[in-house]
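Kindly produce the complete structure, drawing on both the sequences and the hints.
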Amino acid sequence: MKFSCLNKTNINLYNELLNDAKTYKDNEYIVKDTGASLSYNKLILNINVMSQRLEKLITEKRIGVLLPNAIAHVVTLYSLFKLGVSPAILNFTMGEQNLVDCCETAELKTIITSSAFVEKANLQDLLSIRETKYKIIYLEEVKESINSVDKLMGLANNYRQQKANFSSNEVILFTSGSESKPKGVILTHDNIYANVQQALTSLDITTKDKMFNALPMFHSFGLSVGTFLPLITGIPVYLYPSPTHSKEIPRFIYQDDITLFISTPTFLTHYERYAHPFTFKDVKYIITGAEKLKPEIRDNWMSKFGIRILEGYGVTEAAPILALNTPLFNKNGSVGKIVPGMQHKIKPIEGIENGGSLLVKGPNLMKGYLIHGKGYIPLTDWYDTGDIVEIDENNFITIKSRLKRFAKIGGEMVSLNLVEELAAECFGHTSFAAVAIPDKRKGEKIILFTTKPVEESFLNTQERTFKKFIKSNKLSSLLIPSEIEVFENIPLLGSGKTDYVTIQKLAQERFNQ
1 MKFSCLNKTN INLYNELLND AKTYKDNEYI VKDTGASLSY NKLILNINVM SQRLEKLITE
61 KRIGVLLPNA IAHVVTLYSL FKLGVSPAIL NFTMGEQNLV DCCETAELKT IITSSAFVEK
121 ANLQDLLSIR ETKYKIIYLE EVKESINSVD KLMGLANNYR QQKANFSSNE VILFTSGSES
181 KPKGVILTHD NIYANVQQAL TSLDITTKDK MFNALPMFHS FGLSVGTFLP LITGIPVYLY
241 PSPTHSKEIP RFIYQDDITL FISTPTFLTH YERYAHPFTF KDVKYIITGA EKLKPEIRDN
301 WMSKFGIRIL EGYGVTEAAP ILALNTPLFN KNGSVGKIVP GMQHKIKPIE GIENGGSLLV
361 KGPNLMKGYL IHGKGYIPLT DWYDTGDIVE IDENNFITIK SRLKRFAKIG GEMVSLNLVE
421 ELAAECFGHT SFAAVAIPDK RKGEKIILFT TKPVEESFLN TQERTFKKFI KSNKLSSLLI
481 PSEIEVFENI PLLGSGKTDY VTIQKLAQER FNQ
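Under the UniProt record's numbering, the first residue of the sequence shown carries the number 1, and numbering increases by one thereafter.
Hints were generated in silico from the structure; no laboratory data involved. Small disclaimer: the values here were computed from a predicted structure and weren't measured. C-beta: ideal position from N, C-alpha, C; glycine also. Accuracy of the hints is not assured; some may be wrong.
What follows is a list of derived Cβ distance ranges for each label pair [what the hints assert, rightly or not]:
| # | residue 1 | residue 2 | range |
| --- | --- | --- | --- |
| 1 | Gly-373 | Ser-303 | 47 to 57 angstroms |
| 2 | Lys-22 | Asp-392 | 41 to 51 angstroms |
| 3 | Gly-333 | Ser-476 | 19 to 29 angstroms |
| 4 | Lys-22 | Pro-277 | 37 to 47 angstroms |
| 5 | Asn-10 | Ser-145 | 27 to 37 angstroms |
| 6 | Thr-465 | Pro-327 | 32 to 42 angstroms |
| 7 | Ile-377 | Glu-28 | 42 to 52 angstroms |
Quick look at the structure:
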């Protein structure tokens with residue numbers, strides 16, 4: 001299936017913003033945060049003034065951006081787009097060493113951030129890198145340095161609506177995979193624009209809608225779907241700085257008559273606890289991804305709020321949406337159908353009988369990777385997601401597991417996701433995380449972590465209970481973990497996903513000594 005809008009090339013998202021401002025000029029506001037709201041015209045004016053000043057401070061073609069969800073973040077990104085500078089959006093939850101690794105991977109010399117954000121988020125230690133080889137630009141200092149000439153030039157540019165002359169435009173995000181160093185994912189503006197259009201072909205969205213986005217922009221879901229999609233389509237968007245504010249977010253959604261919001265299943269669980277049945281009265285779509293939507297979360301939202309959650313599937317490398325359930329085409333337990341304009345195929349994997357690794361190709365797929373110490377590696381053909389999927393006769397996709405989320409025990413492939421699901425069914429709660437670590441005898445062994453409170457000898461009892469459950473259901477004994485360990489909390493990434501990298505390291509430290 002082909003759509004002309006998906007084949008549009010040489011896009012600069014700043015120029016698209018100028019076009020959108022003309023199309024949707026009647027909007028009261030287009031972007032809002034906890035402190036302010038801006039119309040298209042005022043947003044573009046801010047961008048023009050900011051870009052005037054940044055042009056004098058920046059000499060590189062690639063700049064680090066370390067900011068929360070806020071209007072200032074949007075203004076910064078579009079200012080860089082106008083200047084033909086590629087932002088590398090940094091994850092402020094990663095810790096100092098990972099931040100340095102990202103800067104090295106993208107060969108950054110300068111980072112734009114906010115002193116108020118650094119203080120509020122307690123990132124002073126993280127930004128000790130200022131004392132090394134990185135230049136830090138604080139937005140507060142930039143704002144103070146803006147003079148009357150900058151303002152006049154910004155007003156003049158705003159009046160002329162002068163477009164940017166740059167067509168080779170990129171955004172760099174960083175993966176949170178299991179590699180020792182994060183990979184940079186290079187997304188062109190063409191990739192992002194195509195994915196926005198792919199999403200729009202699947203959902204009935206109008207300018208009467210309002211979107212709420214608390215997912216950080218260092219997450220491709222929060223950036224493309226939560227930020228660029230509404231700006232491109234004239235949908236007012238409320239940017240909120242943290243998805244972890246479980247009590248506050250339902251209140252803001254209620255007060256602002258939000259009709260669309262994106263989240264991850266983990267965060268949806270928290271919002272449901274603090275929300276009144278009437279809180280989400282105006283919400284027509286909740287789009288979720290990044291992790292599997294558990295049946296109990298889906299059922300709770302339907303029974304309490306009457307809202308059907310639309311589960312999707314994506315990867316950073318695809319900007320990010322690959323598949324999506326829609327109100328018309330929806331299957332519980334699946335992640336929907338491949339979005340229009342994409343090709344896909346299944347690669348068989350030895351040891352896995354049903355399904356295989358999903359390979360995709362389309363206009364939304366990245367330009368390539370930045371690899372630490374190696375530089376740019378282009379994407380040449382098909383992209384292998386590394387996800388093991390099954391596709392039914394109606395083209396609904398069900399994700400069985402990540403290829404990396406399998407343990408190979410005695411030559412057999414064992415799904416770690418399945419171990420977690422069975423543990424949840426056995427014990428009646430979902431706080432489980434399974435990882436595989438090397439084992440001299442079997443190749444690998446499974447370690448299952450949980451947060452359930454324990455008493456003395458509880459773990460041995462729990463292990464026996466799980467073994468009985470596996471055997472009574474006539475399942476493979478390979479699904480039985482070698483150890484069950486207790487966490488106070490399951491570590492999470494900034495996106496809300498389980499932080500399997502940290503858990504893996506802990507398992508290896510405890511059991512492979």
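Run the structure past the numbered hints and jot down the numbers of the failing ones, going up. none
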